[in-house]
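Taken in sequence, the protein lines are chains A and B. Each residue of the first sequence is one higher than the one before, starting from 1 at the first, in my numbering. Each residue of the second sequence is one higher than the one before, starting from 1001 at the first, in my numbering.
Warning: the hint list may mix true and false statements.
[Said to hold, decoys possible] Computed spacing ranges between beta-carbons, pair by pair:
hint, chain 1, residue 1, chain 2, residue 2, range
1, A, T398, B, E1275, 46 to 54 Å
2, A, K33, B, A1260, 23 to 31 Å
3, A, V240, B, G1029, 32 to 40 Å
4, B, I1036, A, S248, 42 to 50 Å
5, B, P1060, A, A227, 38 to 46 Å
[To be verified] To spell it out: a stretch of chain A is covered by chain B in this simulated footprint if at least three of its residues, at any positions, have a beta carbon under 8 Å from a beta carbon of chain B; those stretches are:
hint, region
6, 239-247
7, 258-264
8, 278-290
Derived from the structure by calculation, the hints contain no laboratory data. In this text, all values refer to a predicted model and were calculated from it rather than measured experimentally. No residue lacks a Cβ here, since even glycine has one placed at the ideal position from N, Cα and C.
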Amino acid sequence: MNTSITRRQFAALMGGTTVASTLSLPAFAQDGKTLVFALPGLVGNFEPHTWVGFGDTVHVMDTVARGLTHMDFDNPLPQPAVAESWTISDDGTVYDFTIRPGLTFHDDTPIDAAAVKRTFDRMFDETDPTRPDASFAADNLGGANVKGFDTPDDMTFRIMLNAPDAAILGRLTRPDMIIISPTALEQHGKEIGLNFVSCGPYKISSVTPNERAVLEAFDNFYGGKPAIERVVMQVIPEPVAQMTSLASGDLDVTNLIPHSNVDRLEAMPGIRIEQSAAFISLTLAMNVEVEALSNINVRRAVSLAVDRQAIIDEVFFGKAEMPGYITPAAEQGYAPEHMELSRSDTEAARALLEEAGAVGTELTLISENQGFWPRLGQVVERSLNEAGFVVTVEYLDTGTFNAQLFDKTAHELAFVQRSAFFPDPDGRFSPLYGSSTSAAQEITAQTSLPEQAELDARIAAANAESDPEARGRLYVELNTFMAEQMMPVAALVNTFLPVAVSDDIQGVNANALGTYRTFLENAAPAN
Amino acid sequence: MPTTRADQHRFRLPTLTGALRLLPWLVVGLLIFAAIAAPLIAPYDPIKNVGSPMLAPFSPGHPFGTDGFGRDQFSRILHGLGPMMFVSVGAVALAVAVGGAVGLISGVMGGWLDWMIMRAVDILMSFPLILAAILVLVALGASTFNLMLAVAISQIPIFARLTRALAAGEVVRDYVMAARASGFGMLHVMVSEVAPNILRPLLVQATSVVAVAALTAAALSYLGMGARPPEPDLGYMVKEGQELIFIAPEQTILPGLVIAIFVLAISFCGDQLNEREGG
């Protein structure tokens, strides 16, 4: 028998083998111990204080690292993590965290107060040789409001503030607040992102940029060793490829499925869609320094003109909900009456425009040119034009869009998406609407409004309130004040990332995955 | 006729015989007619929701169904033909004009000018066509006209090199020598003597390149660098429909099929012209 093959056949064989080895992942259905999770990309650098690949970095970081507190999205308040408990001084400015005894990092370095302090010092000490250029972690913890850190004893870590900040326990759950092994930090310095060591439920086994990260369960995780031995975070950027991988059993969990395909996937055997709370809010930012938008009645008309039901139906295929104003229904500070602040009424919008003598006002809206944004752009353009505006949408690549978004001379209307790294109401206001933020200065330019000073005072007062009920009431009032007195943004809809899970797996934290957080420690075999 | 390296490696379509030879011309003619008459024959406004449900199936009222916004897909495809042809034919016309002029000067003048022009063309050709077009669109912004310019710029080096080769072959012929000996200037020689004699093979080549230009334009539109939504654009419609491939595959297949039919038909037309030229 002639067993020789031609060069062409050999090349085809090799090519096929390469493709097969790339695509055939050892998903849970195959080996019973590996969970495969889809990533949109993988830069491979996990430096927590300057994320270089936002989406993929957060997925990996959440899986391999932890901080003092943890937001599990099932409870409204932060839960203990590396810190087993904490006390707050009467004036709300000193937080003492008690470190869990017996914990280690993935490199066996013991976790104590000094190790924790090493990470926080790195955020704030600009002379620290391991600190990356352009570190932004300090601002995310509280910036100038953070007075300093201390270690009263070996297992107590202290954070001192200048003024009370009721959101700080939530801020500590952010992916950039995780604790880094001091041993690894000394060894690798600024290269720690490429040699990352923390104390999360999984530890990094191998990373191949733009391909996959293999993570192994960590024996000494504070919550106990995860039930699933291995997590493979596999780069599968195309939604169509993700869906076929799900159907073939090569992929176990993904939160990158387009909303349009949710119903189809739900009908597939072996796959279920876990719906999370709608933590992702979409707004239409209005640059108040643009002459046409300097009139609040025109801004109100924009908000009234938006056909939100069409956005829910045509952009998110029913997988979204009507907004209140800034705070989504899933978070503290929302009140059902806020829905009236974001009602859709084309006739009322036209009447306001006529009253303002602004029918035919020409406006340009900037939008990203990928994902659901072009669909959203088309619906918003259509509904605003029906009310009497003349809106043109510019679809831009992400880099250009962000550059123009943060330049008030380069846009009039712009889409803004806000997810919840931690569902604290301050996270919706301080980083976007406080006058010290670049968002308030450049995206809406609302710092030029006379009402901004009162808004700042209300944001500060609400965040300083330690009583949860009273705090909630203040945020309810804050939503109303901002909508009625300023209206720098029109709330569009609130939505979530659909989470598709193999029936072989249970315990996936869908609420977290629905807002870009990835907690897989409770994932377990379905049986 | 001189051929380029690209010609030598180009996939040869099967030769059509008999009445079948008319088919590609009929298809191209029909598509051109549909593109021109779209405003008259399209049953609906391609941009407006027609009051039908989203992703409605094929029906007598909507022969291609409706898209994800409830717009008539047949009307959108008809209106999408025009931009595709404007970009592909316009780009090639522009590339022939500019590349042809540059190549003509290079081929007729010769010497250091020829050397410099051809090295510049080499540099341009060292960029992948699609990358060159993307760079142009990033600089100019996305629109149908800029897309046409970008595709044209990416094709100019091809026509410059081809024209140069054709002109260099003509410039040593007796009729050109005679014209020069009679005292005619170089401009006269280029425009009145050489150009008419190389126009025919150039146009034959241009017909073939229209197919390449149409594909490049569709690829760039797919990347969001063509017409601004909601304007109908076949390349972008393929992309828009891709997300829906499991629930409404026709959303991406139909516009893709129309692009494929146009490209295939124009390629067959180009091949037939090429055969007649003895290529």
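Structure-based check of each hint:
1. A:T398 x B:E1275: 46 to 54 Å: holds, 48 Å
2. A:K33 x B:A1260: 23 to 31 Å: Violated, at about 45 Å.
3. A:V240 x B:G1029: 32 to 40 Å: For A:V240 and B:G1029 the Cβ distance comes to about 35 Å; the hint holds.
4. B:I1036 x A:S248: 42 to 50 Å: Check passed, 46 Å falls within 42 to 50 Å.
5. B:P1060 x A:A227: 38 to 46 Å: violated, 57 Å
6. 239-247: holds (count 3)
7. 258-264: holds (count 5)
8. 278-290: violated (count 0)
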